[in-house]
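Asker: Residues per chain are reported as follows:
Number of protein chains: 2
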Amino acid sequence: MKKLLIGFVLLAFQLNLMAQKSENFIQYVNPLIGTQKMGHTFPGATVPFGSVQLSPDTDQQPHNISGKYNKDAYKYCAGYNYDDSTIVGFSHTHFSGTGHSDLGDFLIMPTVGELNLEPGTKDDPKSGFRSKFSHSTEIAEPNYYKVLLEDDEILAEMTTTTRVGVHQYTFPESENSHIILDLMHGIYNYDDKNVWTFVRVENDHTIVGYRQTNGWARTRTVYFAMEFSKPFKNYGFKNYEKQDYKGFWRKFDQTKNFPEAAGKQIRAYFDFTTKKDEKIQVKFALSPVSTEGALANLRTETPDWNFEKIKKQGQDEWNRELGKIAVTAENKGDLVNFYTALYHTFLSPTVYMDADGKYKGLDQNVHTAKNFTNYTTFSLWDTYRALHPFFNIVQPKRNREMVNSMLAHYDQSVHKMLPVWSHYANENWCMIGYHSVSVISDAIVKGNIEGVDANKALDAMANTARTKYYDGLEFYMKLGYVPEDKNSSSVSKTLEYAYDDWAIAQAAQKLNRKEIYDEFSKRSENWRNVYDSSVGFMRPKMSDGKFREKFDALQTHDQGFIEGNAWNYSLYVPHNPDAMIEKMGGKVKFEKYMDELFTMNLPDEFFAETEDITREGIIGGYVHGNEPAHHAAYLYNWTNAPHKTQERVRMILKHQYKPTPDGLGGNDDCGQMSAWFLFSTLGFYPVAPGNDQYSLGSPAIKTAILKLENGKTLSIEAQNQSDKNVYVSKVLLNGKAIDRRYITHSEIMNGGKLVFEMRDKPKL
Amino acid sequence: MKKLLIGFVLLAFQLNLMAQKSENFIQYVNPLIGTQKMGHTFPGATVPFGSVQLSPDTDQQPHNISGKYNKDAYKYCAGYNYDDSTIVGFSHTHFSGTGHSDLGDFLIMPTVGELNLEPGTKDDPKSGFRSKFSHSTEIAEPNYYKVLLEDDEILAEMTTTTRVGVHQYTFPESENSHIILDLMHGIYNYDDKNVWTFVRVENDHTIVGYRQTNGWARTRTVYFAMEFSKPFKNYGFKNYEKQDYKGFWRKFDQTKNFPEAAGKQIRAYFDFTTKKDEKIQVKFALSPVSTEGALANLRTETPDWNFEKIKKQGQDEWNRELGKIAVTAENKGDLVNFYTALYHTFLSPTVYMDADGKYKGLDQNVHTAKNFTNYTTFSLWDTYRALHPFFNIVQPKRNREMVNSMLAHYDQSVHKMLPVWSHYANENWCMIGYHSVSVISDAIVKGNIEGVDANKALDAMANTARTKYYDGLEFYMKLGYVPEDKNSSSVSKTLEYAYDDWAIAQAAQKLNRKEIYDEFSKRSENWRNVYDSSVGFMRPKMSDGKFREKFDALQTHDQGFIEGNAWNYSLYVPHNPDAMIEKMGGKVKFEKYMDELFTMNLPDEFFAETEDITREGIIGGYVHGNEPAHHAAYLYNWTNAPHKTQERVRMILKHQYKPTPDGLGGNDDCGQMSAWFLFSTLGFYPVAPGNDQYSLGSPAIKTAILKLENGKTLSIEAQNQSDKNVYVSKVLLNGKAIDRRYITHSEIMNGGKLVFEMRDKPKL
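Chains A and B, in that order, give the protein sequences. Residue numbers for the first sequence follow my numbering, so the first one is 1 and each next one is one higher. Residue numbers for the second sequence follow my numbering, so the first one is 765 and each next one is one higher.
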């Protein structure tokens, strides 16, 4: 009893502490979460939605070697792997949580002693410029990263503005200090990835240039401007490419103090004499447009040399953004999980334009964003599910700008298609579906379209969904499904197209565009065509109208699905769970199906071949590490057992999100995994974006205050909530009981108080 | 006697005819002159100083193969060799007369029958899309080229505007007609030259894209927009590159009717059904900036489909430009020589900006030309000698714009240097010296600087000449010469630097900038440091101050000279012939030296190793095919035998310029060889640009009327001139005898009448 009392006092003290520090949200963010195993997050410095992600890379690996897939590459999707003990340098662009990768532009590394332009190997860091490091000297905060590079005893610190990375290196005394700029380094690098590099040394402290790569983005160019806080003594370039033809450039010694270099494989170095503990700062600005743009970004965003000020500016910005949801929770770990998830959702999409609004379009021409901020890095197959719906609540202005960015992409697309995966003025076509339509429909249906031409957007959605040569669409339009013998992953495609079509119809309905509504409402029923009642699963169908004979509901590989098996994907009718449940045999049978999904034992062999499904991301046969079943736990709300939604959601939250480097059960996928966490932690989830309802679950915080952009506030209180009290007995909105299993968008946006009464037993 | 009378009547009739047709100057232009042997001109269509040179290519050859020089490439500097019997296609960019090469962008070829995307070989044209052709069906006029492609019986016609090439193909009846767009083809092509290609098919008749190459210009990108007069039925791309990584583009069949392609080695085709004699036109616009710019250029310059109108517009423009000098001569061959030379001088530099003034700068950023037209293709080691001085008389406005283009280049140069060889937003560094200073000095001294910031220009000139790391300049500044053990071709460099320095000093004097005048006047004396009186030649000196032992005055290779030997280069003190002659032993001895130069027998071995010096370009030991001695014939004016200038000049004119495809004795070098011809034919030559005097020679026409831009007219009359009457007995300017061996720039520009009285014996 005494013990319990002490515990209670300690808890109260802790909660009080949490409340007092409520203005310091960044303390709860740990950017190292997800950097181990499959999270694919990066630990470095960035501001919310920043163009620059300045982060340590512990290695680089080619995605493939001579056309063959290289398994080791996957660990380095974000450049950094927590298990590594060396850092090869600090590069300026990183995706957060992707399952395929690119970027890693412009690696910088300080060294002391004899110049070595080779990166060296992980096993033998002394063989190159890389250095050993230890997590004990490592600090990762929003917009701040610090580590001791042990080989040469150089303290490295990083901070950023939207478009500028700022490095601060504290050197030992030496006449032989260097800062290396590696223009060959990259993420998912391979021999031919570097298409061209161009560099100019404008004066004794300024360098500009660009690099063009052919990677996940086929035609990507990033421009830069770099400034040192102190003039270098000497500098030089090394071109690692075999050059058959040098033209009349051969008249110069281009390796030392010659201010211009161009080619495919170039590293540069800059020499300094340093006093003990002398700090050298480097500003590194990026531009999607030109070196001129990069230099203007540098001058605009970092006019002076003040590392601490820039760090504070960015951290203040993080506090403002993170403060949009003020949460109290039972323990620090929950707060760390919450704010790190919130941090991860605010990393991408990323701003993709110069300070003056210029950006490179999909047509490779330079455009100027008028009345919106242009964004890139749209991993839409992931993020349409929860991230963009989350933005419609907590980042509505940005989400409108993202919609306008998608429409600009559409305007510039030769296919007249909205983005599938928008990637630095490229469409990388990753994954399936045309889920831009979901994001835009959700914004239209929820009325978050100020400054968006909604009718134009609807036309863009419809055109996108009618692109015959896209991924089996011609068959889908003709047959009502994608036939597996014509186009692989046919069931996943059919199901996702059907949902997307429903989303288009919802937007059309809202805009009174009957023809489009009718066309796509009809198409939205196509999910029915791939359900095989004889086996009780969605199943690949052939172009002759027969289901494919070969069928294994557990297997992921070559079963008509992508990143999921029949067990998970058969649940993918988010826009009409009632009809789906009926099709699957009614509520009782469906509940059993769901129970089996969450409790079965899925042997390793069934996911071993798929790189981003691992044991960690799986609960029973439910795969949380990939997205197709992210809405699944909420489907119990359509059965007689909604308490199982509450139970499963809490289980997933506990099981899949931990406040440790290895804490994420799967790729964070540009914030989708984190957005799932945030919605579920707050007690509701958007099962079908494009619908204004959020399915109710089980809130996992004590209280949360959402400060909405419309000036209103929504307070969420989970009374009596604990790890045991996961069941909701009552939901009250502004004091009135809600007698349904959802709340609506307008209820949220109108603010007020949402109370969940929690207990340890289901309300049956 | 009767015979003579008939001859006279015929001659009079012929002259009358010439005069009557004086408004049709283009009839005397034969673009095929120089397309055989060493002229390196192109026969295709272009407008004066046009950005597009749309011309047939008979083959392509790499400049080197695996780093080794490929001798066959030299024949294809302009893409076309008159000796060939097949045409591989028609490409849009060609240098005129260069001795090294690049370009050949965007080859188009029409075919009928089974599609073949291989170019085929010269020996077996049927193996690919190339075709046999015959000179008998070939017509080459200013801005018009026509030829029958015999393999498929397609008539090909070409015309242009400044930025748009217009093709007209007359097809036979076929359901299987094609137009191929070869994005791999290029001049001096080699495997890695294509850095990147990007193409979009915007609709059923419009294609846009760009190609980036690494050739003579290291980082060059040309953007295009292409439109067909008729929609194509189908189209496709073939990527010839081994692609290790295709990313998610693998989900598409990118080979047929897929509207986007990118990579390094791409060909495209467009299919048509054609009726008998159906004409399909293609407009092909270029831009240095963007596909958007190319499309705007296309719409601005060729708003409708009217091949004949576009052809006429360009030919009218040629008539206006060529009409700036109205000449009468003894026979048509002379007129053809004259107007073809005038044509060749008006081909480059080329306009390098979009219709709206935007262009890519040397810094790879996009700039807008304000109050000037931006030009590229400055082959300055050649053209400073006579082409730009010629422009100061007949194209003064354009020459001012060229000076402003050079200053823009300087502003954008990381080296803060004026152009050496300005090449599509690149400095290709070809040849030696910093002869921009000569061009600018000549303009300043001659007062042709309206709209030019002359003092800024002078600073640019001085800065350029002080660039220590440039080609031995640091040694030159320290020692007063370039030492051969430190930097090759040291004598040529020393001599040319000395002349350039003198040119800077002249501009400084004109602008009252005494410090610069003193600095560079002193440097201009450096030619003295490499004259070895013990051998009577300029001679390589070592850094220890001693002349190099190895010495051969006839040999070209490795003797301290470039594109010349000691015999020719020893004359290179154009700014101070008097002092040079004194140094070389006085007038009498010098006259003997000159006589020996022009009459010696130079064995083949002495020029066999230098690709652009051949028997054709040589008279005795005098090399006209290369530039260093272009002023040499005029040096007799500084001796007691000025008549030998008259004699030699006429001999060179006869010997080196003929109205036939093989008529040019050497590379036309972007108009320098032609400008030499024009000046000499008119009777005077600028021995030292930067000096306002033109050395008098022997006019080779009957009459010439120069219509100057200032509204004045200079009439030149060569009384009694004939192939025999090459000696000048008297020169009268506006009726007053000129008692000196030069006329001045202001005398020319003030207009009036310049009469040469000619006879068949020297006036001794």
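Just so you know, the hints here were simulated from the structure itself, not pulled from any lab data. Just so it is clear, the structure is predicted and the values come from calculations on it, not from any experiment. Treat the hints with care, as some may be off.
When the alpha-carbon atoms are kept at most 30 Å apart in a straight line, the in silico DSS-like pairs for lysine-lysine are as follows [as the list claims (entries may be wrong)]:
{"#": "1", "chain 1": "B", "residue 1": "K1220", "chain 2": "A", "residue 2": "K486"}
{"#": "2", "chain 1": "B", "residue 1": "K1002", "chain 2": "A", "residue 2": "K416"}
{"#": "3", "chain 1": "B", "residue 1": "K1310", "chain 2": "A", "residue 2": "K251"}
{"#": "4", "chain 1": "B", "residue 1": "K1220", "chain 2": "A", "residue 2": "K242"}
{"#": "5", "chain 1": "A", "residue 1": "K456", "chain 2": "B", "residue 2": "K1015"}
{"#": "6", "chain 1": "A", "residue 1": "K242", "chain 2": "B", "residue 2": "K1310"}
{"#": "7", "chain 1": "B", "residue 1": "K1242", "chain 2": "A", "residue 2": "K256"}
{"#": "8", "chain 1": "B", "residue 1": "K1015", "chain 2": "A", "residue 2": "K416"}
{"#": "9", "chain 1": "A", "residue 1": "K68", "chain 2": "B", "residue 2": "K1002"}
{"#": "10", "chain 1": "A", "residue 1": "K238", "chain 2": "B", "residue 2": "K1232"}
{"#": "11", "chain 1": "B", "residue 1": "K1242", "chain 2": "A", "residue 2": "K233"}
{"#": "12", "chain 1": "A", "residue 1": "K251", "chain 2": "B", "residue 2": "K1015"}
{"#": "13", "chain 1": "A", "residue 1": "K358", "chain 2": "B", "residue 2": "K1232"}
{"#": "14", "chain 1": "B", "residue 1": "K1002", "chain 2": "A", "residue 2": "K486"}
{"#": "15", "chain 1": "A", "residue 1": "K251", "chain 2": "B", "residue 2": "K1242"}
{"#": "16", "chain 1": "A", "residue 1": "K546", "chain 2": "B", "residue 2": "K1015"}
{"#": "17", "chain 1": "B", "residue 1": "K1006", "chain 2": "A", "residue 2": "K71"}
{"#": "18", "chain 1": "A", "residue 1": "K468", "chain 2": "B", "residue 2": "K1242"}
{"#": "19", "chain 1": "A", "residue 1": "K486", "chain 2": "B", "residue 2": "K1232"}
{"#": "20", "chain 1": "A", "residue 1": "K246", "chain 2": "B", "residue 2": "K1015"}
{"#": "21", "chain 1": "B", "residue 1": "K835", "chain 2": "A", "residue 2": "K251"}
{"#": "22", "chain 1": "B", "residue 1": "K1220", "chain 2": "A", "residue 2": "K71"}
{"#": "23", "chain 1": "B", "residue 1": "K1180", "chain 2": "A", "residue 2": "K522"}
Asker: The structure should be examined with respect to each hint, and the outcome stated for every one.
Answerer: Now for the hints, and whether the structure bears them out:
{"no.": "1", "hint": "K1220/B - K486/A", "in the structure": "68 Å, violated"}
{"no.": "2", "hint": "K1002/B - K416/A", "in the structure": "23 Å, holds"}
{"no.": "3", "hint": "K1310/B - K251/A", "in the structure": "24 Å, holds"}
{"no.": "4", "hint": "K1220/B - K242/A", "in the structure": "41 Å, violated"}
{"no.": "5", "hint": "K456/A - K1015/B", "in the structure": "28 Å, holds"}
{"no.": "6", "hint": "K242/A - K1310/B", "in the structure": "38 Å, violated"}
{"no.": "7", "hint": "K1242/B - K256/A", "in the structure": "21 Å, holds"}
{"no.": "8", "hint": "K1015/B - K416/A", "in the structure": "17 Å, holds"}
{"no.": "9", "hint": "K68/A - K1002/B", "in the structure": "23 Å, holds"}
{"no.": "10", "hint": "K238/A - K1232/B", "in the structure": "21 Å, holds"}
{"no.": "11", "hint": "K1242/B - K233/A", "in the structure": "23 Å, holds"}
{"no.": "12", "hint": "K251/A - K1015/B", "in the structure": "47 Å, violated"}
{"no.": "13", "hint": "K358/A - K1232/B", "in the structure": "38 Å, violated"}
{"no.": "14", "hint": "K1002/B - K486/A", "in the structure": "23 Å, holds"}
{"no.": "15", "hint": "K251/A - K1242/B", "in the structure": "20 Å, holds"}
{"no.": "16", "hint": "K546/A - K1015/B", "in the structure": "24 Å, holds"}
{"no.": "17", "hint": "K1006/B - K71/A", "in the structure": "22 Å, holds"}
{"no.": "18", "hint": "K468/A - K1242/B", "in the structure": "71 Å, violated"}
{"no.": "19", "hint": "K486/A - K1232/B", "in the structure": "66 Å, violated"}
{"no.": "20", "hint": "K246/A - K1015/B", "in the structure": "38 Å, violated"}
{"no.": "21", "hint": "K835/B - K251/A", "in the structure": "22 Å, holds"}
{"no.": "22", "hint": "K1220/B - K71/A", "in the structure": "59 Å, violated"}
{"no.": "23", "hint": "K1180/B - K522/A", "in the structure": "66 Å, violated"}
The earlier numbered hints that this structure contradicts are 1, 4, 6, 12, 13, 18, 19, 20, 22, 23.
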